[in-house]
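Asks: Please work from the sequences and hints to get the whole structure.
Chains as they are written, first to last, in this note's numbering: chain A, -6 to 326; chain B, -6 to 326; chain C, -6 to 326; chain D, -6 to 326.
A hint or two may mislead.
Each pair may be met inside one copy or between any two copies, as identical chains are not told apart.
[To be verified] Derived DSS-like pairs: lysine-lysine, alpha-carbon spacing no greater than 25 Å straight-line:
id : residue 1 : residue 2
1  : Lys96     : Lys224
2  : Lys78     : Lys297
3  : Lys229    : Lys78
4  : Lys298    : Lys78
5  : Lys(-2)   : Lys307
6  : Lys122    : Lys148
7  : Lys224    : Lys94
8  : Lys(-2)   : Lys312
9  : Lys148    : Lys(-2)
10 : Lys150    : Lys(-2)
11 : Lys224    : Lys312
12 : Lys122    : Lys150
13 : Lys298    : Lys150
14 : Lys229    : Lys96
15 : Lys150    : Lys312
Think of the hints as simulated: they come from the structure by calculation, not from any bench.
Number of protein chains: 4
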Amino acid sequence: MADRKQVIIDTDCGIDDAQAVMMALAAPNIDVLALTCVFGNATVDHVCQNILMVLDVCQRQGETSVLLQIPVFRGSSGPLVGAIKPVSDHFGTDGLGDVIKDKDPRWEEKIQSEHAVNAMIRLVNENQKQISLVALGPLTNLALAVRLDPSFPQKLKDLFIMGGNMEGKGNVTLCAEFNFAMDPESAYIVLEEFLCTTYIATWEYACRNSLTWEFFEELINQDAPAAAFMKTITSKCWAYSKEAMKNKRDVYFGSGYVSYDAYAMAACIDPDVVLQSIECPVRVELQGALCRGMMVLDRTNQLKKSHSVTLFTKCDVRKFSRLLLQSLRQPKK
Amino acid sequence: MADRKQVIIDTDCGIDDAQAVMMALAAPNIDVLALTCVFGNATVDHVCQNILMVLDVCQRQGETSVLLQIPVFRGSSGPLVGAIKPVSDHFGTDGLGDVIKDKDPRWEEKIQSEHAVNAMIRLVNENQKQISLVALGPLTNLALAVRLDPSFPQKLKDLFIMGGNMEGKGNVTLCAEFNFAMDPESAYIVLEEFLCTTYIATWEYACRNSLTWEFFEELINQDAPAAAFMKTITSKCWAYSKEAMKNKRDVYFGSGYVSYDAYAMAACIDPDVVLQSIECPVRVELQGALCRGMMVLDRTNQLKKSHSVTLFTKCDVRKFSRLLLQSLRQPKK
Amino acid sequence: MADRKQVIIDTDCGIDDAQAVMMALAAPNIDVLALTCVFGNATVDHVCQNILMVLDVCQRQGETSVLLQIPVFRGSSGPLVGAIKPVSDHFGTDGLGDVIKDKDPRWEEKIQSEHAVNAMIRLVNENQKQISLVALGPLTNLALAVRLDPSFPQKLKDLFIMGGNMEGKGNVTLCAEFNFAMDPESAYIVLEEFLCTTYIATWEYACRNSLTWEFFEELINQDAPAAAFMKTITSKCWAYSKEAMKNKRDVYFGSGYVSYDAYAMAACIDPDVVLQSIECPVRVELQGALCRGMMVLDRTNQLKKSHSVTLFTKCDVRKFSRLLLQSLRQPKK
Amino acid sequence: MADRKQVIIDTDCGIDDAQAVMMALAAPNIDVLALTCVFGNATVDHVCQNILMVLDVCQRQGETSVLLQIPVFRGSSGPLVGAIKPVSDHFGTDGLGDVIKDKDPRWEEKIQSEHAVNAMIRLVNENQKQISLVALGPLTNLALAVRLDPSFPQKLKDLFIMGGNMEGKGNVTLCAEFNFAMDPESAYIVLEEFLCTTYIATWEYACRNSLTWEFFEELINQDAPAAAFMKTITSKCWAYSKEAMKNKRDVYFGSGYVSYDAYAMAACIDPDVVLQSIECPVRVELQGALCRGMMVLDRTNQLKKSHSVTLFTKCDVRKFSRLLLQSLRQPKK
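Replies: As C-alpha cells, this is what we get:
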C-alpha cells in the first residue's frame, strides 16, 4: 500500500485518452480522485460524454463499484488566449471515432457542477503532496489552476504530461505537437511555473517506442467489454491510423501503433516502464510563424532556468504492452 | 431609483483608483457590490490593504454603515501569461504614495476567502444583466472570469474600462498604456470576448481632458476625512505628478492634473460626463518589439469584427470636477 | 546659385509621385541628377515607364532640353524580405490611373543599364555631401544602398522621406502607412542607419494639411501640357480619391485633396513650406499582427537612440499650393 | 575534364572555412573563380585578410601560380536587417585563432575594388549555368545578389550551403545554427528564392559525421606548409574545440573533430562523399523568442512549396577524410 497513488487525470478524451484512462482504472495501485475534462480532441462537452462512457464500460459488469464514484468535472472549452484552432482530428468529431450512436441524453446530470479548475484546486489542497496530476490534453486547466492558486503546483506530488516534442518536428503544425499547439500559452505557463517534479512523454517518445499492428489486433480482440469498446471506437479510424497518418508520422519515425496518452499514464502507474530519460530545462516558443507551440530543450542551460523536467526517451515496450493488455481486461477485480 | 446602479469595481488600487473608488462610494445612485483586487500599481496584497484603507476612510465618521459590508476579494497576483514586468511606479511601492505607516496588521482577515474571479462569476450570475463592471487595473481577473464561465460577459449590464490608448502613444512602453501593457493577453481577451456594451476611458481621453493644478489643490484641501486622506497619499508623489511625469505626458498632451481611473468611474456614475465618443472595433497587439499591448482602433472595419466598443473622446470637465469634489466630502449622507 | 540643390528622386511613380517629380522639374533651384525607380504603386517596370512619360510631358514643347538627360534607373522589384503584398491600389494597375493607352514600346532602351542602387552609390560618391535624396516610395533601394556601401548615408547632404505615420493609424494596414507597409524592413534599416539629416513627411502630415477639391480643379485645369497630363491620369481615380478613399482617410482627417509625395518634395525645394515640426528618434515595428510597419515616435527617449529625425507637422498651405500650380505649368523656362 | 567545376566560394573565413577553401584549392577538378567575403566568424576585414593568407600558404612554394589570380572580393559587413549579434567566437577575434602576428599591412590593395555582390552577379552572368556557389558563412551576399538581380539564382549551376539545422537544436542560440542565426532574413530569402538545385550540409550532418581527434592529429601533422598553417591556427582553439565546445555539441552528438564547412565543400568536389540525404522543402523561422533563425523541414508539404532542397544526412567518412588529408598537402601539383 506504500506505493498506492492518488491521481487526477486531466483529459481531452479522444481514443488514446480513453485507453490511458482505462489503464488507470485497471491499475491496482491507482486511485483516480477525479477526471477533469478539457477541449482538445473534441469539444469539452464531447469529452465529458466520452469520459462517462469510458467509466460506464469499465464497471459495466461489476456491481455498483468504486468507479461509479469517480467524479467528472467540466473544464476549459478553449485555449487560454485566442480562438480554438480547427483541427482535422484523426479521432472524428466526437473524439471517439464517430461510431457510437446511442449516447446518454442525461449525461450533463452526471457531470459535477463545480468547475474542473476549482475542483483541481480543492482536491490538491485537501491532499497536499499526495496527488499525481496526469495531463493528457491541452494544458489549459492546469494554467488556470496556477492563476487562481499560485501555490497549486507545489502542492502536487508530481505531474505527468503527454505533450510537446524534442526534435522540432510537429504533428499538427510543422514544429508543434497537438496538445501544445492547441494552447501554447498554457503549455508555456505550466512549464515555467509548475516547479514540481515533472515528467513528459513527448510525441517523439511515443513514436520512437511504437508497438506493432499485430499487437494492436491482439489488444482489441481480447474477450472483455473494454476491449470490445476499444475495438468499436477504433473501427473507423484504424484505417486512418494505419494509412493516413503515415504522412506525418512515418516520414520521421516509421510506422506502428502509437497509443500516445497511454505512455504518460503508464509511467505514472509504473516508473519502471521508462528505461531512459533526459533531465533539462524546457521552454515553449510562443511566437513564430512556424515554431509557435514548439517545446525547446535547453540542454546547455542558456536560459538560466533553475527547474528541470524529465523527458522520457526509452520505454520498456514489454512492460508497456502488458499494461495495455490488462487495461482492456476491465473491470478491475 | 430607476437609475440605481449595481457595480463591481475591479481595481489595482493606486492613488487614482482610490480616488475613483471614493467617487463610487460617494455617488448616491451607486451600490458597490464588491471590490475585487488585482496586481498592477502594487502587489495584489498591497492593493487589498489599500482598498480596506479607502473603505475605512470613507465610513470613518459615520456609524456602522453599509460601506462596512462591501466585501473585498483578492484576485490575480500577476498577468495571465509571463512574469510581472517591473515598473517604476509613480504611486510608490505600496501604490498609495508610500506615506502610510500604521497599517492594519489584521487586514487579511477582512479579505473574503473566495477568489475574486469566482466572486465576480457568482455575483454576476446572481444578478444577471444588472451589474456594471468597472475595471480600473490590468484586466486579468476579467480574462479569467470568461475562461471559467464563457457566458460571464453576456450576463453583465455593461463594462467600463480605464485603459488602452488611441493614438499609438504609451505611458509605460513606447506604444502601450499601463493597464494594457501590464497584461496584454488579458486586454486582448476582454476586447475580443466581452461582447457586452463596453466603454473605454483611454489614456488619451484622460490626458486630453486634464484639470488644472489649482483645481487639484482645491480638491484635496477640502475639510473632510477623505480629502485629508487624499492629501496625505499624494503628498510625496505630487512632486512626481507635476514634475517627473512631465517627460511622458507633457510632451504629448501638455501638463495638468489627471486622475485616470476617475474618468471611467465618472462615466459609469453619470453618462452625461461624456460629451463625445467614437464607436468602433478595437484589438490589442500581442506581438511586437515596440507595440505589444497597444490598442488598435479599426475604424474602417478591416478586421471584420462584429463588436464595437465606445471610446470616450470629450469630457464635460465641469461635471467631472464636481464629481471629484463630492467624492472627497465622504462619507455619503 | 548658392542654394541650388542636387537631387536624386527615388520613386514608385504613381500619380502623386508624378506630381512630386513635376514639382522638382519645375523648380528653378533643383537639379535632378537621377530618377531611381522602385516597386510600390505599381511594378518597377510600370514605374520606369511612368517616369519616362513624366519626363516626356515636361519637355514636350521645348527643344532638346536638359530634361532629356536626366537618367532613369531601374531598382528593386520587391521588398527586402518576403513577397510583395498585393494591394488594391488607388492609382490603378499601372500606377497612373490606367488611362494611358499608347505606351512607348521601346521604353526599356531609355532605362540605364546600371542598377538604381549602384547608380545611387556612384552618384553620391561623386558628389559627396552635395545630394539631397528624396524618397517617395518603399525604401528598398535605400536599404540596399547602405548594405552595399555602409558609408552611403553619411555622404548624403540630407534625406527627405514621404512615408510612415505618427499616430498609429495606417492607410494600408490598420497601423502602417503604404510606403512603410510595403517594405517594413527597409524602412527600419533606413531609420536606424541613415544618420544623415532626415526629414519625414508622414501620412498624417499630408492628411492634416490637405487642400480643397476646388483647388484641385484649378490645378489640373491650367492651360499647359503638364496640367493636361495630370488631368488625364487623375480622370478615373478622381472618383476614388473623392469617394472611395473616404473610408480610410476621412474617418480620421476629414476630406480634401492630398497629393502625398508632393509634401516631401516641396520641403526639399523650399524649407519655408514647413511651418512646424517635431524632432525625435523614431523606429519601425517589424513584428506584430496589427502593427508591423508602423513608425513609432520615441519622444521620451526610451530607446536611447542618438539620432533624431525631423517630422513635419504643419505646412504653409499657401506656399505649397503655389508650388503645385507652378509644377503643372511645365516646361521650366 | 567533363566534370571540371567552376566554383565561387562565399566565406566568413574562420578556421573551418580555411580548411574548406584549402580543400577546393587542392581539388584537381575545381576552378575557383572568386572568393567572396562576408562577416561571420570575424569582421569582413579580418575575413579578407584571412582568405589572402590562405591563398598565400597554398601557393607559397610554387612559382607564380594560377592561385595568385583568384580574385578576392569584400562583401557584407553585417546582416541584412538589424545589428550584428555579438558572438563569443570559438575561432578568436580574427577568425583564425588569434595566433598570427605578422599580418600583411598592404592587404587592402589585394582586395578587388568591385563589391562581392556585384562580382558574384557579373561572374554568374558571364558563366550562366556553369557556376557552383559554395556558401560557407551567413548568406547575406547571396540575399543581396538576388535583390539586385532577381534572375541570379536561376543562372547558377547549383548551390552548396553549410548552415541550418534539422532537429531544432542550435549551436549559437537554442534552436539556430551559427550561419543562419547570424542573418536569419538572408537565410530565409535564399531558401525561398534560390530555386536552383540546392544542397545543404547542416550542423547535425557535420556533427553526426564527426572524425576522431586522432585523425585530426594525423591531419595537421602532415609535412606540408598548409598542414603547418592549420596546426598553427588551431593551436590555441584546439583546447576549445576539445573541451569548451563539449557543452554545446557533446550533449547532443558526442565528441569528435568536426570541420563544418569542409562538409559542404567536399560534397561539391565529390558527390560520392554524401551517402544519404533527404529531399524536402525548408523554411527559416524569422520570429520567435527561441526559434528565430531555425531551419524547419517540411516533410509533409504543409507549406505547399514547390521547391525542395537536398539535406545531407550520411557522409562517407573515409572519402571525406581523404579529401581533408589531401587539402593540407598543398600546393596543388
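Asks: A separate judgement is required for each hint: does it hold in the structure or not?
Replies: Status of the hints after comparison with the structure:
1. Lys96 to Lys224: Within one copy only: 18 Å inside, 66 Å across.
2. Lys78 to Lys297: between (32 Å within a copy, 18 Å between copies)
3. Lys229 to Lys78: Within. Shortest intra-copy distance 24 Å satisfies the 25 Å Cα cut-off; inter-copy 43 Å does not.
4. Lys298 to Lys78: Only across copies: Lys298 and Lys78 sit 18 Å apart there, 30 Å inside one copy, limit 25 Å.
5. Lys(-2) to Lys307: within (23 Å within a copy, 47 Å between copies)
6. Lys122 to Lys148: within (5 Å within a copy, 38 Å between copies)
7. Lys224 to Lys94: Within one copy, since 15 Å is at most 25 Å while 70 Å is not.
8. Lys(-2) to Lys312: Classified as within; 19 Å inside a copy, 57 Å across copies.
9. Lys148 to Lys(-2): within (15 Å within a copy, 41 Å between copies)
10. Lys150 to Lys(-2): within (10 Å within a copy, 47 Å between copies)
11. Lys224 to Lys312: within (22 Å within a copy, 53 Å between copies)
12. Lys122 to Lys150: Answer is within: at 4 Å inside a copy they meet the 25 Å cutoff, but 42 Å across does not.
13. Lys298 to Lys150: Cα proximity of Lys298 and Lys150: one copy only (21 Å, versus 45 Å across).
14. Lys229 to Lys96: So Lys229 and Lys96 pass the 25 Å test inside one copy only (18 Å; across, 64 Å).
15. Lys150 to Lys312: Within one copy only: 24 Å inside a chain, 55 Å across chains, cut-off 25 Å.
When held up to the earlier numbered hints, the structure conflicts with none and fits them all.
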